[in-house]
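**Student:** This is what each chain is made of:
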Amino acid sequence: MTVTAPTTDTSIDKYLQRRRRHYWLLAITAVLTLCSLIVDVATGPGQYGLGDIVRAIVSPDDAPRAIAVIVWEIRLPVALMAIMVGMSLASAGAEMQTILNNPLADPFTLGISAAASFGAALAIVLGVSLFPAASELLTTLNAFVMAMVASLLIWLVSRLRGVSVQTMVLMGIALMFFFNATLGILQYVASAESLQQLVFWSLGSLSRASWSKIGIVTAALVVTLPIFFFAGWRLTALRMGDLQARALGVNVGRLRLTVLLCSSLLAATAVAFVGIIGFIGLVGPHIARMLVGEDQRVFLPMSALTGALLMSLTSIVSKTLIPGVLLPVGIITALIGLPFFVSLILKSRREVWG
Amino acid sequence: MSLKIESLSVHFGRTRILNDVSGLEARPGELTALIGPNGAGKSTLLKSIAGIERSTGHISLDDTALDTLDIAQRAGQIYYLPQDITSRAALSVFEAVLLARRTTHKTDRRQDLKRVQHTLQTLELEQYAERDLGQLSGGQRQRVAIAQAVVREPRVLMLDEPTSALDLHHQLQVLEWLVALAREQQMIIVIAIHDLSLAARFSRHMWLMGAGGKVCAVGAPEQVLTEERLREVYAIRAHVEWPEGEPPRVTPLAATRQLGMQGREQDF
Numbered sequence: 001m002t003v004t005a006p007t008t009d010t011s012i013d014k015y016l017q018r019r020r021r022h023y024w025l026l027a028i029t030a031v032l033t034l035c036s037l038i039v040d041v042a043t044g045p046g047q048y049g050l051g052d053i054v055r056a057i058v059s060p061d062d063a064p065r066a067i068a069v070i071v072w073e074i075r076l077p078v079a080l081m082a083i084m085v086g087m088s089l090a091s092a093g094a095e096m097q098t099i100l101n102n103p104l105a106d107p108f109t110l111g112i113s114a115a116a117s118f119g120a121a122l123a124i125v126l127g128v129s130l131f132p133a134a135s136e137l138l139t140t141l142n143a144f145v146m147a148m149v150a151s152l153l154i155w156l157v158s159r160l161r162g163v164s165v166q167t168m169v170l171m172g173i174a175l176m177f178f179f180n181a182t183l184g185i186l187q188y189v190a191s192a193e194s195l196q197q198l199v200f201w202s203l204g205s206l207s208r209a210s211w212s213k214i215g216i217v218t219a220a221l222v223v224t225l226p227i228f229f230f231a232g233w234r235l236t237a238l239r240m241g242d243l244q245a246r247a248l249g250v251n252v253g254r255l256r257l258t259v260l261l262c263s264s265l266l267a268a269t270a271v272a273f274v275g276i277i278g279f280i281g282l283v284g285p286h287i288a289r290m291l292v293g294e295d296q297r298v299f300l301p302m303s304a305l306t307g308a309l310l311m312s313l314t315s316i317v318s319k320t321l322i323p324g325v326l327l328p329v330g331i332i333t334a335l336i337g338l339p340f341f342v343s344l345i346l347k348s349r350r351e352v353w354g
Numbered sequence: 001m002s003l004k005i006e007s008l009s010v011h012f013g014r015t016r017i018l019n020d021v022s023g024l025e026a027r028p029g030e031l032t033a034l035i036g037p038n039g040a041g042k043s044t045l046l047k048s049i050a051g052i053e054r055s056t057g058h059i060s061l062d063d064t065a066l067d068t069l070d071i072a073q074r075a076g077q078i079y080y081l082p083q084d085i086t087s088r089a090a091l092s093v094f095e096a097v098l099l100a101r102r103t104t105h106k107t108d109r110r111q112d113l114k115r116v117q118h119t120l121q122t123l124e125l126e127q128y129a130e131r132d133l134g135q136l137s138g139g140q141r142q143r144v145a146i147a148q149a150v151v152r153e154p155r156v157l158m159l160d161e162p163t164s165a166l167d168l169h170h171q172l173q174v175l176e177w178l179v180a181l182a183r184e185q186q187m188i189i190v191i192a193i194h195d196l197s198l199a200a201r202f203s204r205h206m207w208l209m210g211a212g213g214k215v216c217a218v219g220a221p222e223q224v225l226t227e228e229r230l231r232e233v234y235a236i237r238a239h240v241e242w243p244e245g246e247p248p249r250v251t252p253l254a255a256t257r258q259l260g261m262q263g264r265e266q267d268f
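Chains A and B, in that order, give the protein sequences.
Sequential numbering of the first sequence, starting at 1, is according to full-length UniProt numbering.
Sequential numbering of the second sequence, starting at 1, is according to full-length UniProt numbering.
Pulled out of the complex, with its shape left as it was, chain B reads as follows:
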C-alpha cells in the first residue's frame, strides 16, 4: 500500500515544469519530505498528484490509477494544502474547518462537529474557534489550514510548506504531530519544506528535486543529504566556514542538535 509516481510530466505551454518524474514512492505511517530549490517544481508535483494540475504519466495509490477517479472522489482520498492561504472569508475558524470536513464527509453531523473540535484542540486552536479568518495572524491561519487538511481524514496528505509562517515552537509542534498522525492513522504524508534540518529530523524518506523539474535523489535523509549533492542542487558557490573546522557529515541534523532540539532522533 503506497503512493507511486512514474514518468510524470507537466507542461505550461512550451515550458516544461516537470520532466519525466519517476521512481517516487511514499509509504503510509511516515513523513516523506519533498525538498529542492525554488522553482524546482515542488508545488506542481504535489498539485499534479492531487489532480489539481493537469499532467501526463502514472500516479497510483494502492495500485489504483488515480486518474480513474473524479474530482470529488480524488479529493476525498488525497488532500493538497496550498502554500498561500490568503482567504479572509467571513467565516469563523470552526466554520472553516467544518467546511473542509463537510465537503467530503456527508454522514453524521454530530460526529463531524466532534471531529472538528478534536482537531482544533490538538492544534491548540480551540480558543480561536469563534474568531473570523480575517482576524487571525499568519501563523494561526496556517494552522487553521492544517486543521482543514487533517479534519478530512484523507489517505494521502500533501502539505506545501505548511510551516513557513510558524514560529519555532509551532513548527516543531506541527511536525511532531504530523509524524504521530502518519503513524497512528497509517496516513501517507508528503511535505514540501525548505528547512533541511527540519526535513532531516522529521522525515524518513526524501524526494530531492533539482532545476528543470527533475528528481535528483530519493531515499533516506542520510543518503540524500550529502554535502556535494546539496552544493550542486542548491548551487552553493560560497565557501562555508564550519565552526569546528571539519564539515559535519549530515549537516542539517547536526545543525538541529546544535540548536539544542534534542528529542525524537532516537526514534528514527
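Pulled out of the complex, with its shape left as it was, chain A reads as follows:
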C-alpha cells in the first residue's frame, strides 16, 4: 500500500455535476419566486389583466394611471415585502439551526420573535403617543433592541462551561414564554385602540407594507447576508459538531455570537413590520436542506429563496382563500403551512441531526 494512487476524474466530475444541479435548483426557485411575485401583484379585489400588471411594473408611465397607482402604491409594496420578509426569516432560521445544531431552532422557537414583539408592543402601547413622528422607527428600534437582548441571553448561557447547544434551545423556549407573558401584560393594560393594533399585528400581516419599510428590511439583509456568506465554510464546519469545528480552526464562540446577532437583526426587522409569522423560518431551511444539502454556499441562498417563495405564495393565498377578504398571513402559514411541514418531515427518510 502506498500513498500515491491512480487518478481519474470520476469523483471530481460527480461533485461538479452535483454543484451544477444545485445551481439549476437555485435558478429554478428564483424564477418561481419571480413568477409568484407577479401573480401576487396581479391578485386583488380589482381584476386586471396580467399584461396590464406587467406593463405597469415595467413601465408605469405607459400603463393606465389607476393600475399604475394601485400596483406601485399598494400591491407591489405588499408583494415585495412578502419576498423580503420570507428571505429574512428563512435566512435567520437557517443560520440558527446551523449554529445551534438543532432542527427546531428558528426566530420563533428561540423567543427572538416574542422578544421583538414585546419591544414593538412597548412602542405601540406606550411610545406611539410620545413620539408620533418617529413611531415607525421607534417600533423597529424597540423590536430590534429586545431581540438583541434575547439573543445575548441565549449566547451568555452558551458561555457557561458544560452547556450544550440543546440547553441554549431550551433557554430560547423559556424566553419565548417569558416574552409572551410580558406581551400579555401589555395587552391587558393597553387602550382599546392600541390593543386592536397589537392583536392585528400579532397575527402577522403584510397589509401595512410601505416602500420605507421594505427599505429597512432590505438594508438588514444587505448587512447580514454578506457576513453569512463570508463565514460560509466555517458555518458548514459547525454542523460537524463543536469539537471538530474547533479542530478545523473555527472560533466557535465568536462565530456563534456574530451569527446569532445577525439572525436576530433579520428576525427583528421582519417581526417589527409584519408581526409574528412563525413557520417560514422553520420550513424554508428544511426544504432547502432536502434539495441541496447543507453546504452553506448553496444552503443559505436556497433557504432565502425558499422562504421568499413560500411567503409570496402565502400572500397570494391570503387574498384568494376567501374572495374579498384579506386574511392575516400568520394564520395562513399556520393553517396550510404546518400540515405541509409535518408531511415533509414524515416523508423525508434522511436523518441529518445526530
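Hints listed in this document are in silico derivations from the structure and should not be mistaken for laboratory results.
Be a bit skeptical, because a hint or two may be false.
[Said to hold, decoys possible] Pair ranges (Cβ atoms, derived):
{"#": "1", "chain 1": "B", "residue 1": "Pro37", "chain 2": "A", "residue 2": "Ser164", "range": "25 to 33 Å"}
{"#": "2", "chain 1": "A", "residue 1": "Phe230", "chain 2": "B", "residue 2": "Ala65", "range": "27 to 35 Å"}
{"#": "3", "chain 1": "B", "residue 1": "Ser137", "chain 2": "A", "residue 2": "Met290", "range": "21 to 29 Å"}
{"#": "4", "chain 1": "A", "residue 1": "Val163", "chain 2": "B", "residue 2": "Ala65", "range": "29 to 37 Å"}
{"#": "5", "chain 1": "A", "residue 1": "Phe229", "chain 2": "B", "residue 2": "Ala65", "range": "31 to 39 Å"}
{"#": "6", "chain 1": "B", "residue 1": "Ser137", "chain 2": "A", "residue 2": "Pro339", "range": "31 to 39 Å"}
{"#": "7", "chain 1": "B", "residue 1": "Gln135", "chain 2": "A", "residue 2": "Pro64", "range": "53 to 61 Å"}
{"#": "8", "chain 1": "A", "residue 1": "Phe229", "chain 2": "B", "residue 2": "Lys4", "range": "47 to 55 Å"}
[To be verified] With a straight-line Cα cutoff of 20 Å, these simulated SDA-like cross-link-like pairs (lysine to any residue) come out:
{"#": "9", "chain 1": "B", "residue 1": "Lys214", "chain 2": "B", "residue 2": "Arg115"}
{"#": "10", "chain 1": "B", "residue 1": "Lys114", "chain 2": "A", "residue 2": "Trp233"}
{"#": "11", "chain 1": "B", "residue 1": "Lys214", "chain 2": "A", "residue 2": "Tyr15"}
{"#": "12", "chain 1": "A", "residue 1": "Lys14", "chain 2": "B", "residue 2": "Gly76"}
{"#": "13", "chain 1": "A", "residue 1": "Lys14", "chain 2": "B", "residue 2": "Gln111"}
{"#": "14", "chain 1": "A", "residue 1": "Lys14", "chain 2": "B", "residue 2": "Pro28"}
{"#": "15", "chain 1": "B", "residue 1": "Lys4", "chain 2": "B", "residue 2": "Arg204"}
{"#": "16", "chain 1": "A", "residue 1": "Lys14", "chain 2": "B", "residue 2": "Asp112"}
{"#": "17", "chain 1": "B", "residue 1": "Lys214", "chain 2": "A", "residue 2": "Ala334"}
{"#": "18", "chain 1": "A", "residue 1": "Lys14", "chain 2": "B", "residue 2": "Arg109"}
{"#": "19", "chain 1": "B", "residue 1": "Lys106", "chain 2": "A", "residue 2": "Trp233"}
{"#": "20", "chain 1": "A", "residue 1": "Lys14", "chain 2": "B", "residue 2": "Gln127"}
{"#": "21", "chain 1": "B", "residue 1": "Lys4", "chain 2": "B", "residue 2": "Gln186"}
{"#": "22", "chain 1": "B", "residue 1": "Lys114", "chain 2": "A", "residue 2": "Asn251"}
{"#": "23", "chain 1": "B", "residue 1": "Lys106", "chain 2": "A", "residue 2": "Pro226"}
{"#": "24", "chain 1": "A", "residue 1": "Lys14", "chain 2": "B", "residue 2": "Glu130"}
{"#": "25", "chain 1": "B", "residue 1": "Lys4", "chain 2": "B", "residue 2": "Gly76"}
{"#": "26", "chain 1": "A", "residue 1": "Lys14", "chain 2": "B", "residue 2": "Lys114"}
{"#": "27", "chain 1": "A", "residue 1": "Lys14", "chain 2": "B", "residue 2": "Leu113"}
{"#": "28", "chain 1": "A", "residue 1": "Lys14", "chain 2": "B", "residue 2": "Val218"}
{"#": "29", "chain 1": "B", "residue 1": "Lys214", "chain 2": "A", "residue 2": "Trp233"}
{"#": "30", "chain 1": "A", "residue 1": "Lys14", "chain 2": "B", "residue 2": "Arg204"}
{"#": "31", "chain 1": "B", "residue 1": "Lys106", "chain 2": "A", "residue 2": "Thr10"}
{"#": "32", "chain 1": "B", "residue 1": "Lys114", "chain 2": "B", "residue 2": "Glu184"}
{"#": "33", "chain 1": "B", "residue 1": "Lys106", "chain 2": "A", "residue 2": "Leu16"}
{"#": "34", "chain 1": "B", "residue 1": "Lys114", "chain 2": "A", "residue 2": "Pro226"}
{"#": "35", "chain 1": "B", "residue 1": "Lys214", "chain 2": "B", "residue 2": "His58"}
{"#": "36", "chain 1": "A", "residue 1": "Lys14", "chain 2": "B", "residue 2": "Arg110"}
{"#": "37", "chain 1": "B", "residue 1": "Lys4", "chain 2": "A", "residue 2": "Arg254"}
{"#": "38", "chain 1": "B", "residue 1": "Lys114", "chain 2": "A", "residue 2": "Leu16"}
{"#": "39", "chain 1": "B", "residue 1": "Lys4", "chain 2": "B", "residue 2": "Val218"}
Glycine is no exception: its CB is placed at the ideal position from the N, C-alpha and C atoms.
Take the given structure of chain A and dock chain B to it, following the hints.
**Tutor:** This is chain B only, laid out in the frame that chain A set:
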C-alpha cells in the same frame, strides 16, 4: 524538528486532568502511540496540544511556542481528530472532505478538488463520494474523518482512537497507511489507541499515561510495554494463563504474530 511538551497541566474546576506532563516528544516520519487506561487523560492531552483545551505549560513545534499562534493558524499546523464523529450533516462525503481542506487552504480550487479525490482514493472511499454522511456506516464515517484530517496536510496530526469503529482489515490498512504517510510527508503523527498489539506493531515511540493524568513511561515499544508496568498501569489483578506456559517478553507483539499478521515488523 519535533513536537515537545513540558510541564503541561489541565484543570476542570478543581479536578486535575493532566498533572505536570513533561518530557514528551514526537518526531516527524514516524507514528507515536499514546496509550493508557480509560480516563488517564489521553484525549485531553491531544486536545491541549491542538489548542482546543485550555492548558498551562509549554508546547512547542520546531522550538516555536504554539500559544503564540491564533486558532486558525494553529489548526493549520496541527489537526486533532476527535474520538466521536457523530455528525449527520446533509453533506456528501466529497463536500465534507473538501470542507476540511477549504478551512485551511485558500489557494487553488482545482488543486483542492484533486487533493480531495486523491485522499478518498487512498482511503478506499471514492465509491462513497456522493453519499451523505448520514448514510454511512460507523466505520465508513471514521474513515471519512481520517480523510478530513489528512486532506488538510497538517504538520502534526493527532488522532484520537481513529480505528475504534473499524474492522481488522481497515484497522491494518489505515495504520499502515498512516505509517507510510508519516514517512513520506515527514509528518508528526500521534495516535491514541487502546489496542496495545496494534500500537506496538505500528509505532516506534510510545507515551504511556496512567491514572491521575501522569506520564508513566516514554520510549520504544519494547521499553514501555513490559509486563509489570502494564499490570500496574492497567491494574490487572487477574491471573493470566499464557498458552505456552511461559509469558512472552513483549506480549502484544507476540499476540499479533499469533494472529498471523506478519508483514512489516522487519521494517521497525
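**Student:** Taking only the CA atoms, is the gap from Lys4/B to Arg254/A under or equal to 20 Å?
**Tutor:** violated (30 Å)
**Student:** For the pair we were handed, Lys4/B and Arg204/B, check the Cα-Cα distance against 20 Å.
**Tutor:** Given pair Lys4/B, Arg204/B holds - Cα atoms ~16 Å apart, limit 20 Å.
**Student:** Given the proposed pairing of Lys114/B with Asn251/A, does the C-alpha separation stay at or below 20 Å?
**Tutor:** Not satisfied, since the Cα-Cα distance of roughly 28 Å exceeds 20 Å.
**Student:** Given the hint of 31 to 39 Å, is the C-beta distance from Ser137/B to Pro339/A inside that range or not?
**Tutor:** holds (35 Å)
**Student:** Need the status of pair Lys106/B, Trp233/A: alpha-carbon distance at most 20 Å?
**Tutor:** Holds: Lys106/B and Trp233/A sit about 11 Å apart, inside 20 Å.
**Student:** Verify the proposed pairing of Lys106/B with Leu16/A, using a straight-line Cα cut of 20 Å.
**Tutor:** Given that 20 Å is the threshold and the Cα spacing comes to 19 Å, the pair holds.
**Student:** Holds or violated: the 47 to 55 Å window for the beta-carbon distance between Phe229/A and Lys4/B?
**Tutor:** Since the Cβ atoms of Phe229/A and Lys4/B sit about 41 Å apart, the hinted range of 47 to 55 Å is violated.
**Student:** With the threshold set at 20 Å, check whether the alpha-carbon distance from Lys214/B to Arg115/B stays at or below it.
**Tutor:** The hint is violated at about 39 Å.
**Student:** Taken at face value, is the distance from the CA of His58/B to the CA of Lys214/B at most 20 Å?
**Tutor:** Distance ~16 Å between Lys214/B and His58/B Cα, so the pair holds.
**Student:** Sort out whether Arg110/B lies within 20 Å of Lys14/A, counting only the CA atoms.
**Tutor:** With Cα atoms ~14 Å apart, Lys14/A and Arg110/B stay inside 20 Å; holds.
**Student:** Is the Cα-Cα distance between Lys14/A and Gly76/B 20 Å or less?
**Tutor:** violated (28 Å)
**Student:** Could you tell me whether the CB distance from Phe229/A to Ala65/B stays inside 31 to 39 Å?
**Tutor:** holds (35 Å)
Checked against the numbered hints given earlier, the structure breaks hints 8, 9, 11, 12, 14, 17, 22, 28, 29, 30, 31, 34 and 37 and satisfies all the rest.
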